[in-house]
Every structure is written in C-alpha cells, then in structure tokens.
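Participant: Chain residues, written in single-letter form:
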Amino acid sequence: MKFVDEYRNADAVKRGIEKIGAAVRRPWSIMEICGGQTHAFLRYGIDELLPPEITLLHGPGCPVCVTPLEKIDRAIRLAARPEVILCSFGDMVRVPGSSEDLLAVKARGGDVRIIYSPVDALKIAGRHPDKEVVFFAIGFETTAPANALAVLKAKQKSVSNFSLLCSQVRVPPAMEAILASPLNKVDGFLAAGHVCSVMGYHEYHAISKKYNTPIVATGFEPLDLVQGLLACVLQLEGGRCVVENQYARSVTEQGNAAAQQLMHEVFQVTDQKWRGIGVIPHSGLALRPEFSAFDAEKKFHLQDYIVHEPEACISGLVLQGLKKPPDCPHFSGRCTPEHPMGATMVSSEGACAAYYKYKK
Amino acid sequence: MQHSPDFQLQCPIPLSDYPRVTLAHGGGGKLTHQLIAEMFAPMFDNEFLRARHDGAVLPMDGERIAFTTDSHVIQPLFFPGGDIGSLAVYGTVNDLAMCGARPLYLSLSLIIEEGLPMQTLWKVVQSIKTACERAGVKIVAGDTKVIERQNGDELFINTSGVGVIEHNLDIRPGAIHIGDRIIINGDLGLHGIAVLAQRQGLEFETTIDSDCAPLNGLVGELLRADISIHCMRDLTRGGLAGALVEIAGTAKKHISIDETKITVREDVQGACEILGFDPLFVANEGRFVLFLPPDETEKALAVMHKHPLGAGAAVIGLVDEGAPGVAARNDFGGSRVVEMFSGEQLPRIC
Numbered sequence: 026m027k028f029v030d031e032y033r034n035a036d037a038v039k040r041g042i043e044k045i046g047a048a049v050r051r052p053w054s055i056m057e058i059c060g061g062q063t064h065a066f067l068r069y070g071i072d073e074l075l076p077p078e079i080t081l082l083h084g085p086g087c088p089v090c091v092t093p094l095e096k097i098d099r100a101i102r103l104a105a106r107p108e109v110i111l112c113s114f115g116d117m118v119r120v121p122g123s124s125e126d127l128l129a130v131k132a133r134g135g136d137v138r139i140i141y142s143p144v145d146a147l148k149i150a151g152r153h154p155d156k157e158v159v160f161f162a163i164g165f166e167t168t169a170p171a172n173a174l175a176v177l178k179a180k181q182k183s184v185s186n187f188s189l190l191c192s193q194v195r196v197p198p199a200m201e202a203i204l205a206s207p208l209n210k211v212d213g214f215l216a217a218g219h220v221c222s223v224m225g226y227h228e229y230h231a232i233s234k235k236y237n238t239p240i241v242a243t244g245f246e247p248l249d250l251v252q253g254l255l256a257c258v259l260q261l262e263g264g265r266c267v268v269e270n271q272y273a274r275s276v277t278e279q280g281n282a283a284a285q286q287l288m289h290e291v292f293q294v295t296d297q298k299w300r301g302i303g304v305i306p307h308s309g310l311a312l313r314p315e316f317s318a319f320d321a322e323k324k325f326h327l328q329d330y331i332v333h334e335p336e337a338c339i340s341g342l343v344l345q346g347l348k349k350p351p352d353c354p355h356f357s358g359r360c361t362p363e364h365p366m367g368a369t370m371v372s373s374e375g376a377c378a379a380y381y382k383y384k385k
Numbered sequence: 027m028q029h030s031p032d033f034q035l036q037c038p039i040p041l042s043d044y045p046r047v048t049l050a051h052g053g054g055g056k057l058t059h060q061l062i063a064e065m066f067a068p069m070f071d072n073e074f075l076r077a078r079h080d081g082a083v084l085p086m087d088g089e090r091i092a093f094t095t096d097s098h099v100i101q102p103l104f105f106p107g108g109d110i111g112s113l114a115v116y117g118t119v120n121d122l123a124m125c126g127a128r129p130l131y132l133s134l135s136l137i138i139e140e141g142l143p144m145q146t147l148w149k150v151v152q153s154i155k156t157a158c159e160r161a162g163v164k165i166v167a168g169d170t171k172v173i174e175r176q177n178g179d180e181l182f183i184n185t186s187g188v189g190v191i192e193h194n195l196d197i198r199p200g201a202i203h204i205g206d207r208i209i210i211n212g213d214l215g216l217h218g219i220a221v222l223a224q225r226q227g228l229e230f231e232t233t234i235d236s237d238c239a240p241l242n243g244l245v246g247e248l249l250r251a252d253i254s255i256h257c258m259r260d261l262t263r264g265g266l267a268g269a270l271v272e273i274a275g276t277a278k279k280h281i282s283i284d285e286t287k288i289t290v291r292e293d294v295q296g297a298c299e300i301l302g303f304d305p306l307f308v309a310n311e312g313r314f315v316l317f318l319p320p321d322e323t324e325k326a327l328a329v330m331h332k333h334p335l336g337a338g339a340a341v342i343g344l345v346d347e348g349a350p351g352v353a354a355r356n357d358f359g360g361s362r363v364v365e366m367f368s369g370e371q372l373p374r375i376c
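Sequence lines, in order, name chains E and Z. Heads up: the first sequence is residues 26 to 385, going by the working numbering. Heads up: the second sequence is residues 27 to 376, going by the working numbering.
Only chain Z is shown next, with the shape it has when bound in the complex:
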C-alpha cells in the first residue's frame, strides 16, 4: 500500500489483513514488529526511538540517563522460579542494564481485575519488594486502577525505570562491528517452558524453574572490568532468535551463530521436542547476549564465569560479512536462516 508522506489518515497497517488486534500482535514476533514499524515508529519518530534499543539513552546536563517501560500480562501469575511481581521488576531492570545503565528508580502501576483475592495481591506486592531489594532499585511512584470483573483473576503490572550511565561506551544495536564476538550468559528456554508447563498443567519428571533474574549485577561487573561492550540485549519473548534478528536488522549486519555452542538443558530440550518448539525461539528472563571485540572475549568470559548468572557463559557466534540477517550453523556443515516467528510460537499437532 502506497502513502504520500504528508497524508497518513488511513491506518498504515492494511485493514484487510487484521481488522482487529489478535494475540499474535503481542507475541513479540513479526506481527508485533509490523505494528511497531508501521504504526508506532513512524508516528513518534525521533532519534531516541530510532536506536531501537531496550530503552532510551537520554542526555541530561552532560550526563546520560536511561529510561524504559515494560508491561506484564502473564498467566498464571505465579510459576516455578518467579511470579508477575518479580518479572515486572526484573524486566525493567534488565532493559536498563542492557542500555549499560545502573538501574535506580522504578514506577509501579497496577491494573487489577475486580475480584482478585487480596491475598494474591499481597503475595505479588511482597515479591515486588524482594525483587527490588535483590536488584537494588526503589519504587518511587505508583498508580492503581481496577477494571470490571471477568474471571476475577487478572492482574496487569507496568513498571517504568530510570538508570544512570556511568561510562563513555556507546552501547546499542547500531554499534556492533564486523568481527564482534557474541557471548550468551547461560542456557536457553527455562522461562518459556516453566510458564507453559504451569499454564497448561504439563508435567515433566523434574520441575523447570524460570531463569527470571536481575542482570544489572553481572552487567555492572563487566562495566567495572572496562570491557568494551558494543551491544547487549536480554532474551525475552522472541528468544535468542528474536533478539539476534532484531539486532541484525537494526545494525544492517550479518550474524552467524554456532548451534553446537548453545546450551539447552535436557528437560527443556525434552519439553521442546514434545511441543514442537525450537529452543532458539523460547522465552527467557535472565539471559542476555553481549557483543564485543574479539580480543576482549577472554576477559569478559572470566568476569562472567565468576558471577552466578554468568557461570554458563560461552561464545556462540560472531558478526561477519554478509547480507543483514542471522544464520545458524550446525554440526553437519549445513546452515539455516534464522527468522523471527510470525506470531506466537504455537504447539504443534504432531
């Protein structure tokens, strides 16, 4: 569909495709990106949004701060290894950390469905407090709204956060270079499988706990060690694949990953086999990728291996010559294109 630049009264997303918002528009895959690229980004276009980062890095009297926001709509509210409260804190803390910032202050907005048990709300609030203490941040503003009852079990949380940037590095997707190595801080897929198992009542031989954790401590160690970080991105809804495809697209660079270097726990792999999921696309809440020059990888790995959230850190790929995109190599000498998912990753029939 063609538009003249000064006439955009018509909705830029072809109505014939989806006259209404579907769940797939919020899945973090291609439809989410279509919404952002065709509706939000052009409408609010500015130099900060154009960085396509996890948060905005803003100049402030010669200093820089990072600012971000994140909403959480997870069901069930409680799952092995976490809950919506800890997720809401760590999600925003991690987005700030990915900007290279030290997270300081969070706002907390609760949208509560009429009928939610007070005990449930209390448990979530306690969890938020514990998560804030662990991440070293303060809740400094808040808001509460109640919506009309449907099932009486919904709770939505939005947190916004501010952090300070205390170094001179330029950390963003556009700053990656050819030759950069890519490090990941651990194994994949724990959060996505933990939540799905809880939501669907799937039972495995072991309990799979979400990896939900604040990454600012580990990132702080890397910054203190003077590692020349070019980019960081936490692996959330779209998994490793979604994060790398986004970065490759923003930086207009080619990324090659070696699938044999990526760790997936056996029980997670088993669940993925049953459900027909590819671990590269499964959600995480405590994993991130780090882009840095090749001669700094050893130093970075040494720092990460000393930290509990970086014990499984490994180099999994690099930025190389080629058309923008992501390719995954396997043991067989074959390679495949890694694409973003179209909608939500859906369990297969067989």
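For reference, chain E alone in the conformation it holds in the complex:
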C-alpha cells in the first residue's frame, strides 16, 4: 500500500537503526508523545533493536487514557438516563469508570452507540427528535475540529437535542508540564505526527528553546519512528536543540488552517484535568460561551459530580514517562485488559495495554 509499505521496509529500518547506533555515544531518554507511536514501537519490536543507550519513554498521547475518571462516570450517568442516546468512539466504551463501563450500562438497557464521526451523532439526533443525543467528545487536537464541525452544524440547523460531553486536550501544555517537572527524565521528544498535521509545529519552537530539548514531529510507521529517533539523537549528540519535521509528507509548519479556524470558532482554551496526572493549565478545549447550549455538562447539571481516582494505579507516572508498565506491582496481576485498574491498560493505545499485548 502506497505511503505504508515503503515506511515498513525492513532494510530501510535496519539501516536507520545502524545509523542511530553509529551516532549515539551517551545515554538518552526519548519520549514518543503518541500512544499510536508506542504501539508501533512495540508491535514491530523496534524497541528491542535499538542500541542500549536509547531509553524510550511513553508519553501521554492516548486520548482514552488521559480522559479523567469523572468524565467517564459522567458519561455513564448520562447513558443510564432513559431519554439519552450516548454516542462514543469505540475504544471509550470499555474504559472502566469508578464501578462499571459504558458496555455494562448498555447491557442494562442504556442506549450507547459506537460511531465513527461526531457528525454521525448529529444525524442520530435528527432521526430521534424525542431523545437527547450526547456525543462523548474526547481527544486531542486531531479530533477537536470534527467535534467543532458537528456543533457548528447543529447550531446552523437549530438542533436542540444534541450536545457534547467534552474532554478535549492539547499536546503542547502537556509537553511543557512534563519538561517543567523536577522529576523530568525526557531528553528529547518525538512529537505526535497526526496532531502536528492539524496544528503544525510552530508552537514547539518556544518549548524547545525554553527547555533545551529537541522536538521532532514524527509519523507512525516503523521507518518514521527510526528516522525521528535518529534526528533526535543527532541533535542531542551535536548539542543542538531545535524543532525538526520528519513527517513532512503530512505535516507543515503552520498545519491545517481550516481545521484550526473551526476549532477556534467553537472552542476556547481552558485548564483541564488529565487522568492520573491532574490539572494542567491551558491544556484543554471547552465550548465557547456562545455554544454553551451544546454543553452536556451544563445541560444535565453534571459539573458538581466530582470523582477522585484510586491511588493504587500508577498510570499517571507511566503517562509522564516516570515509570514503565512492568514497574507497577499490579501489572498483569491484578491489572489486565479484562480487569483494568487504569485506562492505560484498557485503551488500545495505552502503554500498559501495549506491554501486556506484545511483551507479557
């Protein structure tokens, strides 16, 4: 398949790894931001082929993993209401809330539907005027434009039975929070290529400069990852810290202006809670006041429903690159994909799930 096969070419990947081996002299810890990148590293076994100087840290870029427990509990509360049709992306329905997941609510009679696009949720609202359709709008800057589009269309068509339960997060503040932590171990970042496709990488220059850290916008195929790592290592060994773009077939400096405009029109930056990490300033996207009629938390008075996370799960430390999944005493014992204690185990992009799936 074009644009896939050439980036899964084993010889090219092996040559890239040899170049990393030739370039590296000191130990470096490099964090891939996105859960999709984590899975690709482990699925293809690339982590095992890298020189021992390179330590991969797995970043917070899994939208399902970082959705706070209370948002999931709020979604479950909504789904249990007889007048609500709750629409969600597929991998969110099995993420455990405090006591159950959305699939269990569905089994009790809740109307939970898996959809592929927020616009589909809007169509469902049109077909069921007697119901309240809520879309569980989770995700990074990659999914926010489509969520914005659905809200805009709902407003244009005066659809009053449609709303979003928002848990949208932004990558740059999370990167900054990781770098600013006194426990930070990250020497360089592979930025998430898909997020950069939408947002560009102009926001990263200031972060790279402020924290003396190389940032390479990187794709998701094996060769992308190896090229991203090589660029990062060459910078670190050469004492340089700039922003580079490995994923040039999709990413430009300024990103997708139309998508950004949509997001800006509907959403505004807000402080946001991340599961396992806590509140990161300016790291979320909330509906602007003029769209508050589409805010499910306001519509159904859910803001005061606060849930605290269990302490046994170390997913927050995993998401910040401070611990690896096998460091957890519960990994593959008490905590498995069937009985996950935290979202990093259940999401198909979660680091714990990746270790369990490919390395157990």
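Hints in this document: simulated from the structure, not taken from any laboratory. No false leads were slipped in.
Every beta carbon over 12 Å from chain Z, so not counted as near; a handful from chain E, in silico:
(1) 44
(2) 79
(3) 174
(4) 202
(5) 207
(6) 274
(7) 323
(8) 336
(9) 358
Computed beta-carbon distance windows for the label pairs:
(10) 364(E) / 52(Z): 16 to 24 Å
(11) 203(Z) / 364(E): 30 to 38 Å
(12) 151(E) / 287(Z): 45 to 53 Å
(13) 254(Z) / 76(E): 45 to 53 Å
(14) 263(E) / 201(Z): 53 to 61 Å
(15) 151(Z) / 138(E): 29 to 37 Å
(16) 357(E) / 173(Z): 40 to 48 Å
We treat Cβ as the ideally placed atom computed from N, Cα and C, and that holds for glycine.
Please arrange chain Z on chain E, whose structure you already have, making use of the hints.
Facilitator: Just chain Z now, with coordinates in the frame of chain E:
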C-alpha cells in the same frame, strides 16, 4: 475466587466484574472464553467437550460421526458476498469439515422478530437453499419461533449439523506435533470488513465481498489425497489470532507465525488502517488453518492450489518448542506475542 469442588451454587464468574452479560461476552475473545471455561465447560464436562474442537466427534457402531451447532445473529442480514442464510449453512458445514467430516444433514431453526418483511424472510430462505446445494447438504429438520417486535428487523438462525468421518485420522487441536507446518488457504479479513462497511455505511473505493464459502469441498480433496492432517480450524470471529491462540492453548504447544507470509488485500489493509484493526483479529468465513507434518506440505499445497478456495494457500508458520502461546515474527527481526482480544475489536478514536 476459590470454590470447593462439590459446592458450586455460586456463579463461577465473579459477579463483581460483570453482573450482566455484555456484548463483549459474545465477541469470541477472552470474555467469551471466560464464559465457556468457567461456566459451561465445568458444568457439562465430558470427553467430547474436552477436545475443544469445532464440533464433537462421536463414536457410532464402530463408525464416527461429527456433530455441531452454530447460531447466527448478524446485522445487516445482507452484506456484500453473502447473507445470514448462507452464513448459517456454511458456518455449520465448515465446523463439520474442520472435524474431518463429510457434512450431510442440517437442522434449521429460525427465530424471527414480529414485523420482519416476508420478502426479507423469503430472500434468506432462497439463499439457504442455494447454500445447501453448493455445500451438498440437506435441511432435514426445522423450527420456527416469533419474538415480540422491537425494531422489526431481526432474524436469528441456528443450524445444527451431522457429518460422517470416512478416514482413520485423529484430527483435533490436541493432535498437533512440534514441527507441524501451518497452512492457511487464502488472504485475511474479507468477511469482517465487508460486514462492518455495510453496517456502518463506510464507503471504500472498491466493494469488499465477504469470503463466506463452504470449505467441505476443499477439505474433501485433502482427505482424498491422503494428507495426514493433524488439525484444522476455520477462522471466524476471533480471526487467525483467535484460532491459533485457542489451538495453542488446548494443545499446550507454542506456535510461531511469520507475518510476512500472510496475505491481506490492499483494500482490506486500508480499511484496517483507518479503523485501527489488526487483520490477524478480523473475522473470516471461508478461511481455515491446516496443521500437518512438514514432509506433507508440498503435496497439500499442490492439492489446495488446484481448488478455487485454496488458490492463495501458503505456509505461514509452525509448531515449535516453547511455552504454550503464539508469537508472530516480522521483517524486522522483532517478534510479538499474539493474544486473544479481550472483548470485541473496537474501532479506535485515532
């Protein structure tokens, strides 16, 4: 949770996990297996169920017959390349074929929702007839029930089937040996993607047709060629991964597969990339794996390549030394553990 062997009044599946049955319990993944392993298998335990085969091989006056049953609950009822009727026939026919049997007789039970258009039922019944003719089996018993209307579009079909075993081979998961080669009869993922595309209204540049087909003809050719088959398994809900993990678990053997030998059509691969699916886990309805001694692979491949359902047959792996389980090797020299899915394979957010 501990139980004394003579006191099992309590439900063996921890109620705290799932107090009610969820869709994931029927997905063919780990939760389905938990139900079988913890509730059904211990309750009905006997030597036939213990074989963990696609059907039961039963002794009958010095001869052997195979017996199996399968229920079909697919939405939409019609999809590119098939429908619930052909699926219900081929599903049972294939389970019998995997036991090394020649399928002969099927029962047909229809559970119909009040309100189902008669024309829809007629189309399904015609399809069942055509499928029976293609597979060479007869419907010899049946039952009809109607349930109260919900959406007026549901139809559930159960078929049970009987076949005769006309050879002396011992074909079952427990019969695989270290060194056995594993052959698959074609490319992966057609059925799962065809149905999903139809169900969700996903549009691709080409139409992907289900691979839904009766495998008894091809299996019959292999048996007639005197191939020493050790085990066969059709790849249904859990995909190739689910079938191999089950066999490895039952036989307590290690299976290694070479991912580069597995074929996935470009449009199927593209759909999988979009949906975040791994083709190893996507459903098929006309594919099976065959375990056999290494010195018989050439002969088996020659037989398969002559048959339309075996044209793409290839050796994809072997049974080797190691802890029970399945490992997949790739081009890069890396390898990964292949696990069964926890519930249903769900489309990812990004």
